[in-house]
Structures are given as C-alpha cells and as structure tokens.
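Residue numbers (my numbering), protein chains in the order written: chain A, 1 to 224; chain B, 1 to 224; chain C, 1 to 222; chain D, 1 to 222.
Errors might be hidden in some of the hints.
[To be verified] Pairs of lysine-lysine residues, derived as DSS-like cross-links and limited to a Cα-Cα distance of at most 27 Å, are as follows:
no.: 1; chain 1: A; residue 1: Lys140; chain 2: C; residue 2: Lys161
no.: 2; chain 1: B; residue 1: Lys140; chain 2: D; residue 2: Lys142
no.: 3; chain 1: B; residue 1: Lys73; chain 2: B; residue 2: Lys13
no.: 4; chain 1: D; residue 1: Lys75; chain 2: B; residue 2: Lys73
no.: 5; chain 1: D; residue 1: Lys127; chain 2: D; residue 2: Lys75
no.: 6; chain 1: B; residue 1: Lys80; chain 2: A; residue 2: Lys132
no.: 7; chain 1: A; residue 1: Lys80; chain 2: C; residue 2: Lys76
no.: 8; chain 1: C; residue 1: Lys161; chain 2: C; residue 2: Lys211
no.: 9; chain 1: D; residue 1: Lys76; chain 2: B; residue 2: Lys80
no.: 10; chain 1: D; residue 1: Lys127; chain 2: B; residue 2: Lys132
no.: 11; chain 1: C; residue 1: Lys142; chain 2: C; residue 2: Lys211
Simulated from the structure, these hints should not be mistaken for laboratory data.
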Amino acid sequence: MIDKRCHVAEALKDVSDGATVMIGGFGAVGQPDFLIDGLVEQGARDLVVVANNAGWSRETGIPRLFDLGRVRKIVCSFPKNSPAFDDLFRVGKIELEIVPQGTLAERIRAAGAGVPAFFTATGVGTQMAAGKEVREFGGKTYLMEEALHADLALVEAWCGDRWGNLSYRGSGRNFNPIMAMAARLTVAQVHETVDLGGIAPDEVVTPGLFVNHVVDINGVARHG
Amino acid sequence: MIDKRCHVAEALKDVSDGATVMIGGFGAVGQPDFLIDGLVEQGARDLVVVANNAGWSRETGIPRLFDLGRVRKIVCSFPKNSPAFDDLFRVGKIELEIVPQGTLAERIRAAGAGVPAFFTATGVGTQMAAGKEVREFGGKTYLMEEALHADLALVEAWCGDRWGNLSYRGSGRNFNPIMAMAARLTVAQVHETVDLGGIAPDEVVTPGLFVNHVVDINGVARHG
Amino acid sequence: MAEAIPLDRAAMAARVARDIPEGWIVNLGVGVPTQVADHVPLDRDVIFHSENGILGMGPAPTPEQFDPWLVNAGKKAVTLKPGAALFHHADSFAMIRGGHIDLCVLGAFEVAETGDLANWSTDSNDKTPAVGGAMDLAVGAKRVWVVMEHTTRDGRPRLVKTCSYPLTALGSISRIYTNLAVIDVESKGFVVREMIPGMTREALQNRTEAKLHLAATTERLS
Amino acid sequence: MAEAIPLDRAAMAARVARDIPEGWIVNLGVGVPTQVADHVPLDRDVIFHSENGILGMGPAPTPEQFDPWLVNAGKKAVTLKPGAALFHHADSFAMIRGGHIDLCVLGAFEVAETGDLANWSTDSNDKTPAVGGAMDLAVGAKRVWVVMEHTTRDGRPRLVKTCSYPLTALGSISRIYTNLAVIDVESKGFVVREMIPGMTREALQNRTEAKLHLAATTERLS
C-alpha cells in the first residue's frame, strides 16, 4: 500500500548540508512553518532557500533558520519586512539573489515541467538582464531564464491523502503547487488527512506523484 | 454588468478567412462540436486548425470543416482515424504539421503565458528537430520550440458563468484550458450555465479572464 | 486665481477609478493603487486580480468575513466576490505575462518621458532590494498606469527625461496620475490632459523635469 | 527439446506487469502495453497515468460505471480509482517531461542496441503520420520499456543495430519484452535476461539483428 503519511523527522531525515530548499508561502499564508521547525531540528546547514519572501514573523519559519545561521543564500522576489534577514544581509552574512516574482514562479514551474530554459520579457533593460542572453521574437526583446531546481520542497496544503494528493485553502496555493513539482524530495504539511477520494478528482490541485511525504500537523498520530 | 453569455452566431461573427483556430478535445471528449458547426455556418475559409486529433466522427466537428474545404492546414499530434482528413491529405489538398503531443501542449501554454519560446528534450535526434535550434543545458541536449498562438479558440467545458469561468468534466479538460489561454478570442460551449459563485473559487479551472464568450448548448435561451 | 490645492491620496485613487470601465481585469499595486478599488462603484463590474492567485477579489473583510488564509499581494486580508477563482503563482503570472490583465496601476519613484518606469529600488545601500511582481506586471499588462505624487517630498521632479533609479521596465507606462495632473505618455513625450484648478502650465513644468506638451484641451482635474 | 512456444500478447503483458513494483506511477501506450494494467494484482498499489489528463486510472467500466466523458489515451472508456486526479494537457506533459512518471511501457517497430526507439512512423506514404505523445514519453519517463513481437510478421528482426524507421527518441529504452525473451539494453548493447523454454541463444540470435549478450544467468521466460 502506498502511504506517504509520516512524521516530520522521518520525512526530513536525509536532507544534506548545502541543500537547495524551496519553501512555499506568500506573506503569512501557505508557509510550511511546522516543516521548517522540523528542518531546524534536523540540523542541515549551509542551505540555499528559495522563497518569495524572506519570512514573515521572526519566531518561526524562515527567519528562525536565518537566526540560527543555517542559510547561506536566499533566492527571493521580495525580502522585505524580515528583520532577521536584514540583520544578516547588512553585515554580508547572507547572499541574496533577487528574482522578479513571475520569473521566479516560471523558473520553478519550468524545473518541474522538464523545461531547462525559456524566454520572458520581464527584466529586459533592467539590472535583472545582467549576464543573461537577450533575444528577439516577433520584433520584441526577451531574456532567457533557466529552470530553478531544488533538492527539497517544503509546502503547505490544507488536505492531503496517502497518495500525496493535495488541496489548498484560500490564497494558500501561491508557490506551493509549483514548488512541489520542482524538487527531488517534496514534503507537504497538511491541516487534515483524508481518505483516498476525500479530495474529489476535479479538486486535486497537486496530484500525488509530485509529493513524497505528507505530514499532518494536527493528527500526526492518526496513521500508524 | 459583465455578461459573456451569447449565441453562437454572435460569438463567431468576426472570424476572418485565414484565421488560426484552436479546437479542444481529445478523441471524442471535450470537442466543441456545437461551436464548429457554428463556424461552418459562419463561413470562414482557408483556416489553420490546431487540434490534437484530426476529428473523430465524420458527420460533425473538424471532419465537417475538412469535407467543406474550409481548412488549409492542420497542426496536430495524431491525425489518425479521420477518413475526411486522409482523403484530403492523400491528394495533397491539406497541409499537415505534426507536433509531438507534449510539445503541442507546451507551445500552446507558452503562448497563453507570454513565453515566446522554450527548450524541450522531446524530438531531439528525430525528424522533429529539423530546422530547430539545438542547445545543451546541464550536459543534455534540447530543442527550442516557439509559442503557438491562435486568432480563435473553440473550447468545450461543462459549466460556465457570465464572467466566463469554466469547469470541466472527466477527461474533458485535455487541451481546452490551455487553448483558452492562447487565443485572441476564446469561445466556450458549456452544457450548463450557472450563477456567479456556482463554480466554487477552488474549482474554477479556466478563470473568466481567458474567455470572451460562453455559449450554452442546452439553454441558449436562458439568458437575455 | 486661488492657490492650487494638490489632490490627496484618496482623491488621486478616485480619479484613477473614474477611468476604469466595466469589464476590465485590473491588478493594483500596493499603496495608493490599492485604494483605487474603494472608488470603483459597486455596480460597475470590474474584476480585480491579485498576483498571489486571486481573480475576483472583493474589499477588506468585516470581522465576520475575516479569513486568515486569504490575503492580497500586499498581504492584507481580503474577500472573494461571487465568481472569484483561486490559482497558483505560475498560473497567476501566466495571466500577467500573457497579456490577460487589462490594466495594472502601480506606484513609482520616477517615470521617464519614454514611459520607462523606476519603482522598485532607490539603489541606496541601507534598504533591502525587493522587486516583487512589479517587473512582470509592468511588461505584461495590456496597459500600465502610474499613480504618484508629482514630486518627491523635497520637491524633486518624478516625471523625468531619464530615470535616475534602477529601471523596472522600458517604455511601459501610458498614463500618470499625480496629485497635480493627469499626463499621458505618447510618442512625443508627456502630454498634459488634466490639471488641478489653479495650476498653470508653467507652474507644472517647473515641477517636471521633462518637457510637458499640452493636449488640445486640458481638463480640470478634481 | 520441445519446440519453443512464443508468448501470446496476454502473456507478454503479464510478464511486464510482474516487474512493476508497488508505488510506481506508470503510463501505458496503446495496444499490448495497455493490457499490462490487467495483470497488475489488485492489491498492488500502482498508479496509472494517462496523458490526456488522468492520474489514478482504473479498469474499463462496467455498463453501470460507463461515463462517455472519461477516456484514456487510446480513447477507450476507463474508470477512476479513489485518489484519482484530473488535469489538463500542459500539466499532464509537465508530469511526463519533468520526470515524474516512473515507467512508460510502449510498443515499437524497432529498438536499436543503443536504446534508440522507432515506434511512430514506418515512413511509407500510404499512411498518415501521427506521433501522439510517444516522443515526450520516451524522453521524459524515468524508465521506458518496450513490449513487442521479437520479429515482424515476415520474420524481420525488430531488435536492430540501427533503426531503419524514423526515430522516436535516442537511447531511451532500458528493457524490451518480446514474445521470445526479456532483454536489457545496457552500455554494451542487448543483454538477454530471460528466454522462453526451448529457445536457444543461437535461435534467438538468428531472429535478432544486433549482437546478443548473455547475462550471467538467463532465466526461463513464462
């Protein structure tokens, strides 16, 4: 029987130092803070974090990884409102790669979809074009952007089942479904575990083949 | 009040001769035959059809366009089991551009997503690579493929509302949601029209901004 | 003539809202642009897009409506209108980059007479650089309008010949709403459509670095 | 020794099914590959993908279960298992191209000892060319197996040095199941893992264009 439900420690046991870790969420919504706390426990260091924001509240989530000195670099579109990040960045203790939000999303999706590179008009004529191939299609100028892969994706969903199917709540999808596609190992935290079929076929947003482990943050003890 | 519901003749009145027309469906499922009949009535000629198959049953749909001599070219992954197409193709009366199914889907999605070109491993070392740019990423070889745009997309959905939101049934999504994104004018035939909110926000597959007109094939008279 | 009274932010947002017709899909940047939604009449069907995956966004929630799992691009709680749809970031930016958004309204530091936009970084070292979705919106939306103060706090013009701050996008702005005027960006440069009562062409030009052209008729901005 | 009896198609499909472990995501091509699903035990959790937008496909429907709006890639009616998911073609081929499918089983005209596959066109002019999803599946799945007759109807080998028909993909096939043998494609070429009872290496080589290598132990194929 396929059963992807497991405890957070089991889900994260093989994460290596130096891993590239995608972390879902936009603002405070859809952040897999339970899994990030698990990553703190697990102990991996020298991480490259890929996330839209550089964390939200200081006590948990990405800022906690920053404060513990676990992050070497962040790839990010909007690292504002994160004092933990600012503290490190101002003293040169963390590397920052700024990526326009849509380019970040498409680079992640491309990695999941087996597309190694694509062209976009975003960033043409700006600092973001530095070092990038520029090319015309139909008389308009575009930049070439490459796929962004990860070793690990930590995502937050609302419901999950033992095949790894996921559904989301509200604006909680954001980067989560595409990050789930782009990593070698995808771990999802869910608020509720349902039986197979509990998410209707039309309502599955992330099909289970993208997900390796499902961690129920309320009912971890439920499965056995 | 935004109200995209209309009669098929109104929806298609501006289609020009020579238009590129995307037509959804995979096998017999998700084919917008009612709209194709409308296009037959409308009279546009010299069309370029983009569709996965070259039609299914002869009496209706794409084969009817073939039999009436309306189609100059078809861009397609699998033009088998279509006697109407075969009859024209064998005597050189229709042009065929064969595209691998996944490349076809991604080229259509790229057009809708503002990506003018992307790289794929599909077709490397085959006839499909003829004339295409070949390039290595991470030691693996890829082809560059360009976005495939259309003047008109005819799609079939199950439910639609006045904003143009669509949901689908069974395997009826197939090419329909991505074609809806890729055309300058998108017309959807639906089996049922619902009030705004009748398709829950989590269950909208094609958000209304991709759709120009919604034609209810059962209850056309319902709106007014 | 009485002294010209600049519009306040609410009036600027209201002025932008007047130009948004029924049926448009609209994305509003953070700050004054977000306030534009409050000035679109309830009976005018305008559909608001938020880049974090919402189409059909409604106003801020009442306490009863509040859902912590539903925020806009500014991370503020919002509601959904009937007919709303939810989707992920790649689909959301496919809408933006693919030209499916009729209008984006952004704030700016500077706009050049060529339509170049600078709105993401002042390049000073004491701030964390952050671009968000501005570059994608600026190149992807069918039209991009800017709403901003006509000058900086210390009186430096924001409508310039060439942007001094790092660019967000080239030639993307077609209209600018300031607290003093409404200005179109055309091939010849800035064209003044409206000015606040009491403002003169000369006084406006004094607050503007690039040359201003007057439209055939310049309306009163209010 | 009794004359070697080739496997029939059901036996070939059953043999492939034995090698599919629990937990794999599997895409089956039309023809014999489709039959593989019928031979996977019901208590073995294998998840079938169909490129037209289904994950978790079940068997053909009973008359009561029949839904005309639910077909597989071969356009045949199917069912959904609990846990199934539906999606569109771009998402479906993202799964394929992105390496998320553990196994694809395809039919073939020819396989070369380098793993090259020819399965979409015999290049004769009396047939309409049609490629479908074969090229995407052949390059995208984590592993691609072929199930086919060992020779053509007129006895011509299908396991060749170099494909004579138009290629589907380069070097993509790792294992071949024929009616006579199971053969791995390794860096040295074809390696015979199993042969049907009564088949000899010499007789099999006579039906094969490229050189056959024997594995350390060659098992009996049944």
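Query - Unsatisfied constraints (hint numbers, rising) - result: 6
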